[in-house]
Every structure is written in structure tokens, then in C-alpha cells.
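Q: Sequence:
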Amino acid sequence: MAALKMLLLHRAFPSSQQLIPPHQNLRLQKHHQLRADASPALLVFRAGLTDPGNYLSSWQGEDCCQWKGVRCSNRTGHVVELRLNSLVHIFALRSNNFNAAPIPQAIGGLKNLRYLYLSGSNFSGQVPPQIGNLSKLLYLDMTNIGHGLHIVRSSDLAWLSRLTMLQYLDLSTVNLGKAIDWLHVVNKLPSLVTLNLAQCGLQNSIPPPVHANLTSLEHLDLYGNEFIFSSVGAKNLLWDLPSLLDLDMGRCGLQGSIPEQLGNLTSIMSLYLYENNLSGSLPVLLGHLSNLTILQLDNNRLSGELPLGIGALTKLTELNLGHNNLHGTITESHFGALVNLRDLYLNDNSLAIVFRHNWVPPFKLSTASLKSCKLGPKFPEWLRSQNSIYILDISNTRISAPIPQWFWITFSQTQHLVLSRNQISGMLSPTMFRKMEAETMDFGDNLLVGSMPKLPRKLKSLDLSKNNLSGSLPSDFGAPSLTMLALFKNSISGRIPYYFCHLEKLSFMDLSGNQLNGEFPNCEKRSSSIFMLNLNTNNLSGEFPTFLSKCQDLIFLDLSYNQFSGMLPPWIGDKLPSLALLSLRSNLFFSHIPQQLATMKGLQFLDLACNNMLGPIPQSLANLTAMVVAPQDDNKLSDIGLARALMKMISLVVTKGEQLEFTSGIMSMVNLDLSCNILTGPIPEEIGKLAALKNLNLSRNHLNRTIPDSIGDIHSLESLDLSHNEFGGEIPPNLSNLLSLSHLNLSHNNLTGRIPSGNQLQTLDDQASIYIGNPGLCGPPLSKNCSQTGLPPASPEGNEDGDGTVFFFLAMGSGYVMGLWTIFCLFLFKKNWRIICFLFSDRLYDWVYVQVALGWTIFIRENIEADHEIRITLN
1 MAALKMLLLH RAFPSSQQLI PPHQNLRLQK HHQLRADASP ALLVFRAGLT
51 DPGNYLSSWQ GEDCCQWKGV RCSNRTGHVV ELRLNSLVHI FALRSNNFNA
101 APIPQAIGGL KNLRYLYLSG SNFSGQVPPQ IGNLSKLLYL DMTNIGHGLH
151 IVRSSDLAWL SRLTMLQYLD LSTVNLGKAI DWLHVVNKLP SLVTLNLAQC
201 GLQNSIPPPV HANLTSLEHL DLYGNEFIFS SVGAKNLLWD LPSLLDLDMG
251 RCGLQGSIPE QLGNLTSIMS LYLYENNLSG SLPVLLGHLS NLTILQLDNN
301 RLSGELPLGI GALTKLTELN LGHNNLHGTI TESHFGALVN LRDLYLNDNS
351 LAIVFRHNWV PPFKLSTASL KSCKLGPKFP EWLRSQNSIY ILDISNTRIS
401 APIPQWFWIT FSQTQHLVLS RNQISGMLSP TMFRKMEAET MDFGDNLLVG
451 SMPKLPRKLK SLDLSKNNLS GSLPSDFGAP SLTMLALFKN SISGRIPYYF
501 CHLEKLSFMD LSGNQLNGEF PNCEKRSSSI FMLNLNTNNL SGEFPTFLSK
551 CQDLIFLDLS YNQFSGMLPP WIGDKLPSLA LLSLRSNLFF SHIPQQLATM
601 KGLQFLDLAC NNMLGPIPQS LANLTAMVVA PQDDNKLSDI GLARALMKMI
651 SLVVTKGEQL EFTSGIMSMV NLDLSCNILT GPIPEEIGKL AALKNLNLSR
701 NHLNRTIPDS IGDIHSLESL DLSHNEFGGE IPPNLSNLLS LSHLNLSHNN
751 LTGRIPSGNQ LQTLDDQASI YIGNPGLCGP PLSKNCSQTG LPPASPEGNE
801 DGDGTVFFFL AMGSGYVMGL WTIFCLFLFK KNWRIICFLF SDRLYDWVYV
851 QVALGWTIFI RENIEADHEI RITLN
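At position 673 of the sequence shown the residue is numbered 673 (full-length UniProt numbering), and the sequence of numbers has no breaks.
Don't read these hints as lab results, they were simulated from the structure.
Bear in mind the structure is a predicted one, so any value in this text is a computation, not a measurement.
Note that CB positions come from ideal geometry on N, CA and C, so glycine has one too.
There could be a bad hint or two in this list.
Below, simulated BS3-like cross-link-like pairs (lysine-lysine); rule was C-alpha separation at most 30 Å, straight line [to be verified]:
1) Lys435 with Lys489
2) Lys374 with Lys505
3) Lys601 with Lys458
4) Lys68 with Lys178
5) Lys454 with Lys378
Using C-beta positions, here's what the derived DEER-type ranges look like [claimed, not checked]:
6) Gly758 with Asn704: 21 to 31 Å
7) Val449 with Ser303: 37 to 47 Å
8) Gln767 with Gly471: 44 to 54 Å
9) Leu588 with Glu381: 18 to 28 Å
10) Leu588 with Ser769: 55 to 65 Å
11) His211 with Met165: 43 to 53 Å
12) Asn517 with Pro404: 30 to 40 Å
13) Asn759 with Gln261: 55 to 65 Å
14) Asp765 with Gln261: 53 to 63 Å
15) Gln767 with Pro404: 18 to 28 Å
16) Pro242 with Asp553: 31 to 41 Å
17) Asn291 with Asn325: 23 to 33 Å
18) Leu588 with Val449: 47 to 57 Å
19) Pro242 with Thr314: 14 to 24 Å
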């Protein structure tokens with residue numbers, strides 16, 4: 001049960017059982033009467049609660065001062081507090097909640113209640129208007145009163161206007177979406193000091209009050225309501241609160257420029273207007289808010305230059321202007337007086353920070369987020385004095401120089417270092433690099449050379465991707481707590497060291513685009529926590545890594561463009577239940593497609609192309625749930641932590657006839673690619689159930705029979721490639737219903753009949769090439785006229801021709817039998833003839849076998865090389 005505190009502040013009587021002097025007997029009788037008056041209200045309140053643990057069983061009898069959680073004054077004996085959070089150590093076993101029970105209406109009977117705490121108690125339903133009867137209430141806290149799907153709401157806040165003595169009001173997360181008069185009601189509470197209505201679904205109050213009566217208000221939090229609220233239209237109330245110290249209107253849908261009336265908030269200390277649609281330049285009046293300590297205006301559309309008036313905010317500790325459209329140059333004139341500045345966010349603007357070479361800032365930063373500002377080409381000297389920085393982000397700042405020696409010393413204690421997307425050159429100093437205390441280091445997308453040094457011991461996340469690193473990986477990484485390792489697109493060679501097996505916390509590893517070779521280390525004795533593994537485009541060999549059978553949480557696996565061989569293990573479906581992406585493209589796997597793949601309900605991306613997969617396409621693939629229903633925002637690949645990792649990871653996808661590089665876009669990709677294998681038989685009719693497929697590629701196999709009509713039911717299909725197979729029959733007319741289709745290839749088959757037209761098929765590029773290599777097709781866009789391809793009509797003499805054909809085949813069959821018996825008799829009596837014939841047959845068989853095996857190997861190699869040559873890289 002969640003903490004539920006009620007402080008009943010009355011004038012009361014002693015509750016102790018000590019001897020009372022005779023002259024106090026009258027007062028004692030009055031005390032017992034007051035206790036008896038309070039008991040019924042508390043009992044009615046208890047009756048309205050769900051108490052499965054019977055934790056309030058002591059609430060019996062008339063003397064409520066003996067009840068558990070009830071405290072009476074030692075001096076007066078009256079009830080002063082009802083505190084149920086003293087049972088939190090017991091209720092923690094019940095998730096600290098009231099099991100979504102409604103708030104009891106009897107709570108309105110506690111007339112003298114001053115403090116009411118209902119936060120985090122898992123109630124549901126309407127807020128009882130009887131709370132408005134608590135006319136002496138000073139403090140009302142309902143924050144997070146509902147859990148999950150259990151929502152507490154109030155459609156009418158009229159009851160609130162009766163609480164005229166209220167000083168503290170917190171209704172955050174209570175649903176007030178229908179209470180359109182909220183601003184008028186709140187404006188009738190002149191004693192309010194703190195008002196928190198964050199994430200209440202508030203709507204515009206129409207018309208808004210003209211004058212503000214909230215003259216005592218010091219703390220106002222309206223975060224996350226996202227109503228469309230013109231900043232200028234709100235000036236008559238929200239910008240006219242002279243006592244206000246803290247204002248949070250982040251993510252409130254504010255539009256327009258920052259109003260001049262903001263200057264009226266002369267006492268303001270914390271101003272949060274982040275994640276809105278504010279535009280225009282920063283007003284000069286900001287420099288008049290001399291008490292301001294925190295200013296957050298990030299994630300807006302503010303433009304123009306940074307006013308020099310910012311330098312007058314000498315009490316400022318945090319300045320956040322990130323993710324805007326600010327431009328111009330920042331000099332020491334802006335920051336020279338900001339002696340208290342600790343957190344500076346100027347990231348993702350077009351600002352140039354130009355300080356004098358010998359200028360020493362008067363502040364000591366804890367956070368410096370300067371991403372995408374112009375600092376280079378050299379490392380800025382002013383950072384040399386900032387040895388207290390916890391987070392440093394100078395990515396994409398046009399630095400094109402080696403890392404200076406002072407950098408390693410100044411930032412040796414920094415926990416998060418981000419220097420990516422620059423042109424930093426040179427080698428990482430093995431000695432200094434090893435001594436760093438950082439947990440996160442991102443040096444990706446630079447010009448670093450040399451081999452990867454041994455890592456700092458406390459390091460958890462390392463990104464050295466897109467550099468020019470070479471040599472082999474260290475046999476001992478030196479960072480046992482490593483969780484993320486990104487080394488893709490370098491020139492690292494050699495084997496993956498066995499030390500990988502000791503990284504028990506590793507969850508993300510991308511070594512793709514290197515020159516690694518050999519087999520993956522055998523980590524059979526270790527259960528892995530890894531959920532993303534990308535090894536594509538290396539020279540790795542051996543069988544499918546067996547340690548993966550212990551990776552129950554694996555979501556992303558890309559082994560494409562290597563030389564892995566052998567059969568796909570049958571445990572792949574049972575042991576990898578969480579897999580959402582599996583790419584084994586361009587390897588040497590020789591196997592049937594495992595039926596167990598169909599048990600992977602979250603698998604939305606399957607690429608087995610360019611291997612030696614044989615046999616039919618399993619009908620069970622229609623059970624891949626993630627290919628049946630389009631991926632939602634909560635699919636496995638869109639998990640927040642995974643999505644951030646995918647922003648860096650690169651996967652190669654062949655779609656629409658091209659090979660593309662995907663990063664975070666892979667989250668919404670639904671792909672089935674079985675091309676360039678030895679698959680035979682028909683396409684299962686059940687494939688039409690995969691309605692969420694965007695890319696279906698079955699080209700370059702030996703698939704036959706007809707194209708199933710059910711493919712026309714895959715309405716999400718954007719790319720369909722069935723070329724270079726043995727399909728016959730007509731093209732299904734309902735392919736024209738695929739309105740999302742932008743690429744189609746049916747070339748080099750045995751298709752016949754008229755080419756369907758209409759809808760999307762008429763908009764495709766280079767239409768003639770779609771059908772090339774099908775001599776039986778006719779009609780636009782081909783030049784072949786369908787009237788020229790019809791079969792000639794049957795002749796009247798058809799029956800006579802039929803009788804002649806029958807006699808011909810009977811005679812031919814008899815001759816064949818007689819000839820076969822003649823040869824058999826000769827072999828039976830002529831031993832020499834038998835020996836010569838059998839020797840000739842053996843040699844012919846050997847010659848044919850060698851030619852077929854050699855030709856097939858050359859064919860596979862040429863196709864793999866051709867795949868590599870047609871890569872198209874999208875940055």
C-alpha cells in the first residue's frame with residue numbers, strides 16, 4: 001500500500017493513561033468526546049478502502065488514539081495525525097497500493113483536516129467533490145495517485161474553489177482534460193504558494209482570466225500538458241506573478257516569441273520553457289532577471305544571436321539553449337561575469353565560440369555540451385582549466401588536430417567524453433588513455449590511426465567506429481564492465497580474442513566492416529547478456545557460433561558477408577526467442593530453412609540470401625507474427641536503449657534492387673530475403689498472410705509453378721523481386737492492388753499471358769525490364785501484341801490425328817522393350833562387353849560430378865563478388 005498521510009491538526013487533549021488532577025476532569029471528558037466524534041469518520045473512510053492484508057485491523061473501538069497509524073497530541077489529547085506510511089515496510093509486499101479502489105467520499109467528513117497526502121496510492125476513478133468540504137485544508141498532494149491503467153480524473157474542479165486556505169496543491173498526472181475552467185478555479189485560491197498540474201492533459205481555458213489573484217504563488221509547474229498555448233495570449237496571467245520563483249512550462253505547446261512581460265517576473269530563479277515551439281530572438285529583458293539561476297530554453301525554434309545581457313546573470317548556474325537555430329559568435333563578453341556557471345548547453349546551434357587564446361574562464365563547468373558549435377580547428381585552450389567537468393561533448397565542432405597531451409590530464413576524471421564526428425588525427429596515447437576514469441568514450445568518425453590500446457578499467461561504453469585503426473584487437477581489453485563496444489568501419493585484422501568471453505556485461509558489440517578472420521571464440525561455459533551483435537563484412541569462418549544458444553535476450557544478429565559455413569542449428573528458434581533481426585546473407589551455410597524459425601514471434605527481418613539454402617520454402621514462415629502485423633512503437637527494435645544503439649549500428653539491406661545502409665531506419669523495416677539460394681518448389685500460398693512485409697526477395701532460386709494470388713494481399717509491400725526462377729502461368733492481376741509497390745522484378749522466368757495493368761503497376765520505372773526474359777508474356781509495356789500469341793484453333797481432322805498418335809506411341813514402346821532385352825542378353829553372355837560398359841559409366845559419372853561441383857563453386861563465388869561490387873552507400 002502506498003504512503004497515505006493525513007495530518008489532522010486540531011486543538012486536542014492528552015491521550016496518555018496517567019493520573020489526571022481533579023481540576024482537569026472536565027477537559028478530559030471533552031477530549032474523549034472529540035475522539036468519539038473523529039472515530040466514525042475514520043471508520044467510514046476505512047470501509048471505502050480495499051485492505052486485503054487487513055493492515056488496519058486495529059481500527060476498532062471509540063478511542064481512535066489507540067489505532068495503528070493514528071497519533072494524538074500528548075499535550076491536548078486531540079487527533080493530530082493519521083499516518084499510514086509507517087506501514088510501508090509491510091505494504092511494500094502489496095506494491096504499496098489500494099488496488100485501484102475509488103477514493104472514499106467519506107474523506108470529506110474530516111472537517112478539520114489540514115494536510116492530505118494521497119500520492120502514489122493507486123486509487124482510480126473520479127476525485128470525490130466532497131474533498132471540497134475540507135475548508136481548512138492547507139496541503140493537498142495527489143501526485144501519481146493512479147498506477148498504469150488506473151487513472152484518477154476530475155471533470156469538474158468546482159470543488160477546488162472552496163479550498164480557499166490551500167497553500168500547496170499537487171494534482172500532477174490526475175486527468176483534468178475535461179476541466180476547461182481549471183485556470184479560473186485556480187485563480188480563486190489566493191493563498192496558493194505551490195501549484196503543480198504537470199501532465200494533467202489540461203486544455204485551453206477559454207476565455208482566460210484577465211487578472212491574476214495568485215499573488216502568493218512561488219512555484220508553478222505546468223509541464224507536459226501540450227495544449228496549444230500562445231505565449232503572448234497568456235501574458236495577462238502567467239507573466240504577471242511577481243512572487244514567482246520557479247516556472248516550469250516545458251512541453252506545453254507554447255508558440256510565438258518570448259513575451260516582453262516575462263520581465264515582470266523579477267523574483268524568478270528557475271525558468272523552464274524547453275520543448276516548445278518558441279521562435280524569434282532571445283529578448284534583451286532576460287538580462288534583467290537578476291535572480292535567475294536556471295534558464296532552460298532548449299528544443300525550441302529560437303533564432304538570432306545570443307544577447308550580451310546574458311552576461312549580467314551573475315547567479316546563473318545552468319544555461320541550456322541547445323537544439324535551437326541560434327547563430328553568431330560567443331566571446332568572453334558573454335560569459336566573463338558568470339562566475340557561478342556549472343552546466344552549459346549550447347549544442348545543436350550554429351554558434352561559434354571564440355575566446356582569446358589566454359582567456360581563463362571564471363567558472364568551473366560540470367557539464368559542457370557544445371555539440372555542433374564551431375570550436376576548431378584546434379582544441380580550444382580555454383577548456384584546459386575545466387578540470388571539474390563530468391560530461392564533455394565537443395562532437396562535430398570542426399576540430400582537425402591531434403589530441404593534445406593536456407587533454408588527457410585535464411579530463412582524466414571526466415566520466416563522459418564525446419569527441420565524435422570531427423577530423424581528429426594521430427594515435428591514442430596508450431599510457432594516458434589507460435589512465436582515464438571515464439565510463440563513456442566516443443571518438444567515432446574521426447581520422448585516428450594505430451591499433452586499439454588497452455581500455456580504461458572503469459570504461460563501460462566505447463565507440464571508435466569509422467576511424468583508420470589497424471592491427472589486431474588486444475588480447476585483454478582491460479575493461480571487465482564493458483557494456484557497449486563499437487569498432488565498425490576500421491581496418492582491424494586478426495581474430496576476435498577469447499577475452500570477449502569474459503565480458504559478462506557486454507550487451508552491444510559492432511565489429512562490422514573490418515578484416516577480422518578465423519572462428520568466433522568458443523564461449524560455451526558463459527551465459528551472455530548480449531542483445532546486439534553485428535559482425536557483417538569480415539572474413540570470419542567456422543560454423544554458426546554455438547555460444548549464441550545461451551543468448552536468450554539477443555534481439556539483433558548480423559553475420560552477413562562472411563564465410564560462415566555448415567548447417568543452421570535446429571535450436572535457433574528455441575534458444576533465440578527474442579530475435580527481431582537475423583541476417584546471414586552472403587555466407588556458405590548449407591541447410592534447409594529451419595522450421596523452428598517460425599517460433600520467433602518477434603522476427604521482423606530475415607535475410608538468408610546468397611547461401612546454399614535448399615529445399616522448399618517452409619509454410620510455417622507464415623507464423624512470423626511480426627511480419628503479419630506492422631511493427632508498433634513498442635516493438636523490440638524500437639526499445640529506447642536499442643534505438644540509441646541502432647543510431648550507430650549499420651546494417652546492409654538489399655531492397656528495391658539496391659544495397660543500402662540502414663541505421664535506425666531498420667527499426668521499421670519488415671524484410672524477407674531468401675534470394676540467391678537453391679530453393680525449389682512453389683511459393684507457399686500462406687505467404688500472403690505476411691501483410692506487414694515491405695521487402696520480399698525470392699530471386700535467383702529454382703522456384704516453380706505459378707506466382708500465388710495471395711502475394712496481392714501483402715498491401716505493405718514496397719519491393720518484390722521474383723526474378724531468375726522457373727515460374728510459369730500468368731501474372732496475378734491483383735498485383736496491381738499493391739499501392740505501396742515501388743520496385744518489381746519478374747524477369748527471367750517462364751511467365752505467359754497478358755501483363756496486368758492499372759494502379760501502381762503503371763507508375764513503376766523502366767517497366768519493360770520488369771518482364772524481360774519471359775517470352776510468353778505480351779501486352780504493354782512490351783511491344784509484343786497478345787493477339788499474335790494465341791494457339792491455332794483445332795482442325796476438323798483432330799480425331800484422326802489422335803488415332804495416329806496412339807498407334808505411333810504403341811509401336812515405339814514395343815520397339816524400346818525389344819531393344820532393351822537384346823542389350824541385356826548380350827551383357828549376360830559377353831563378359832568383356834560388361835566390363836567395358838561399366839568402366840565407361842564410372843568414368844563418365846566421375847567426370848560429370850567434377851564438372852558440376854567445380855561449376856557450382858565458381859557460380860557461388862561470382863555471385864558473392866557481384867553482390868559486393870554493387871553496394872551503394874547512403875550516408
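Q: So, for every hint listed, does it hold in this structure?
A: Okay, the hints, checked on the actual structure:
| no. | hint | result |
| --- | --- | --- |
| 1 | Lys435 with Lys489 | holds (26 Å) |
| 2 | Lys374 with Lys505 | violated (37 Å) |
| 3 | Lys601 with Lys458 | violated (37 Å) |
| 4 | Lys68 with Lys178 | violated (39 Å) |
| 5 | Lys454 with Lys378 | holds (26 Å) |
| 6 | Gly758 with Asn704: 21 to 31 Å | holds (27 Å) |
| 7 | Val449 with Ser303: 37 to 47 Å | holds (40 Å) |
| 8 | Gln767 with Gly471: 44 to 54 Å | holds (51 Å) |
| 9 | Leu588 with Glu381: 18 to 28 Å | violated (55 Å) |
| 10 | Leu588 with Ser769: 55 to 65 Å | violated (31 Å) |
| 11 | His211 with Met165: 43 to 53 Å | violated (21 Å) |
| 12 | Asn517 with Pro404: 30 to 40 Å | holds (36 Å) |
| 13 | Asn759 with Gln261: 55 to 65 Å | holds (57 Å) |
| 14 | Asp765 with Gln261: 53 to 63 Å | holds (57 Å) |
| 15 | Gln767 with Pro404: 18 to 28 Å | violated (60 Å) |
| 16 | Pro242 with Asp553: 31 to 41 Å | violated (55 Å) |
| 17 | Asn291 with Asn325: 23 to 33 Å | holds (28 Å) |
| 18 | Leu588 with Val449: 47 to 57 Å | violated (33 Å) |
| 19 | Pro242 with Thr314: 14 to 24 Å | holds (21 Å) |
The earlier numbered hints that this structure contradicts are 2, 3, 4, 9, 10, 11, 15, 16, 18.
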